[in-house]
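A.B. asks: Listed below are the residues making up each chain.
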Amino acid sequence: MKLNERSVAHYATCDSPADHTGFLRKRVERHHHHGTSYQRRWFVLKGNLLFYFEERESREPMGLVVLEGCTVELCEAAEEFAFAIRFDDAGARAYVLVADGQAAMEAWVKALSRASFDYMRLVVRELEKQLEEACKSLAACRKSPRRSSSSGRKRHLSNPALQPLQEKPTTLENGYSTWSSGGCVAGGATSPDHDGGQTKPPPLPPRRRSAASSAIGSPAPGLSPAMLESPVPPETVCFSKLHNWYGQEIAVLRREWQERQKRGHP
Amino acid sequence: MRYNERELLSLARQPAEKAAEIRMSVPKKGSVLKKRLVKLVVNFLFYFRTDEAEVGIGPLAGVWEQQQLCQDLPGAFSLSLAGFIEEPERKYCFECATEEQCQEWVEALRRASYEFLRRSLIFYRNEIQKMTGKDPLEQYGISEEARFQLGAHRQ
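Protein chains in written order, with the numbering used here: chain A, 1 to 266; chain B, 267 to 421.
Treat the hints with care, as some may be off.
What the simulated footprint calls covered on chain A by chain B, stretch by stretch (three residues with Cβ under 8 Å from a Cβ of chain B suffice, anywhere in the stretch; the number is not a length) [claimed, not checked]: (1) 39-45; (2) 55-68; (3) 71-82; (4) 117-124; (5) 131-140.
With a straight-line Cα cutoff of 27 Å, these simulated DSS-like cross-link-like pairs (lysine-lysine) come out [claimed, not checked]: (6) A/K2 - B/K357; (7) B/K284 - B/K357; (8) B/K301 - A/K2; (9) B/K357 - B/K400; (10) B/K301 - A/K136; (11) B/K400 - A/K2; (12) A/K2 - B/K300; (13) A/K2 - B/K294; (14) A/K143 - B/K400; (15) B/K400 - A/K110.
Just some of the chain A residues that point at chain B, by a computed CB distance under 8 Å [said to hold, decoys possible]: (16) D19; (17) V28; (18) A94; (19) L127.
Derived from the structure by calculation, the hints contain no laboratory data. Where is the CB? At the ideal position from N, CA and C, for every residue including glycine.
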């Protein structure tokens, strides 16, 4: 099978941010030798492609592992901190890799087991459904009369099915206008959450940087950099019900996912 | 560059997002349009030779960015090879039976990029967070992954 090696190699070394990088020792598969040996290589994960370079400074990758249809598991090798990438095909070889320590190994196993296009697609579909459900629930809530909130509060909801609110229309920093008494507008507009005196929800936890990773998430192109988080203030009875309902579902899903993680599935 | 060819072959045989017989040419000098079975599987584009007993497989660049894909004429689109800036004519050309078929392929290829998936994920995450105040990625244990952050403005 031919692969456009030059283009793929170009992708490996171009500016696009990597999802995970680091040194790993890779088991060398030699059929005519006894015993196993390992070679230290520089690994770069981009999307569902795992590249490895002879040296960190090498300008071209030595090899590529396409991460579709594989599982990543800890393995019982003589080496500590070893894990393997195994493919569904019974006759296929496994890639045995050894990390520098426990934290590095865990970070790699996590990153690799969630790297496949299939997995990403699964998560996106799931989020699509969740957004739909959240919109529906909120729309259902809106049908019943609400307590009025403080004027001057800016808020954004992207569901076109929502009833218009009684609040003053506001213009937003990035030029998008959402609320007007005539109706509501769907779309990607956001607003900073201005507190009219009521308590704000707690801020989101700070981003944790993993020691082994030098990956930096770049701002997604197409999304306005002025977008800020604006959690919906929980001032309605309806909303706190939604919160509880959501929380229960998430607790169940989290348990299921944690169990699956333990079994080594992505 | 070594790669896991066996797995790529296996991937090529899997159910495709899109598959059709299309006339296409490869980025080689003197290449002419030939009918090939073109198959899109995840973010890989494969083509198979159909006129030979032995099926040959040649995947196109496994990754492409939107700027490499362009719709040239109403019924045709092309995929430029990355890493060949000095040779802009290095591209795969596809001639579809109808304009509609062409547009379907362009749209399918647009959605087949890993970057598109990543942006979609970030978008949905942000929307859900705004609506419900909760991070939907927490249940998956991936909320802290760098690849899903919304850039510098993330708290």
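A.B. asks: Please go over all the hints and tell whether each is borne out by the structure.
C.D. replies: For each hint, the structure was consulted:
1. 39-45: Coverage by chain B is violated for the segment 39-45 of chain A (0 residues, Cβ < 8 Å).
2. 55-68: Satisfied; 8 residues make the cut.
3. 71-82: violated (count 0)
4. 117-124: holds (count 6)
5. 131-140: Check passed, 4 qualifying residues.
6. A/K2 - B/K357: Distance of about 16 Å is within 27 Å: holds.
7. B/K284 - B/K357: Holds: B/K284 and B/K357 sit about 20 Å apart, inside 27 Å.
8. B/K301 - A/K2: Satisfied, since the Cα-Cα distance of roughly 18 Å is no more than 27 Å.
9. B/K357 - B/K400: The given pair, whose Cα atoms are some 45 Å apart, is violated under the 27 Å limit.
10. B/K301 - A/K136: violated (47 Å)
11. B/K400 - A/K2: violated (45 Å)
12. A/K2 - B/K300: holds (17 Å)
13. A/K2 - B/K294: holds (14 Å)
14. A/K143 - B/K400: Satisfied, since the Cα-Cα distance of roughly 23 Å is no more than 27 Å.
15. B/K400 - A/K110: holds (22 Å)
16. D19: holds (5 Å)
17. V28: This hint is violated: A/V28 lies away from chain B, its Cβ roughly 12 Å from the closest one there, beyond 8 Å.
18. A94: Constraint on A/A94 not satisfied, violated at 11 Å.
19. L127: holds (4 Å)
In this structure, the hints that do not hold are numbers 1, 3, 9, 10, 11, 17, 18, in rising order.
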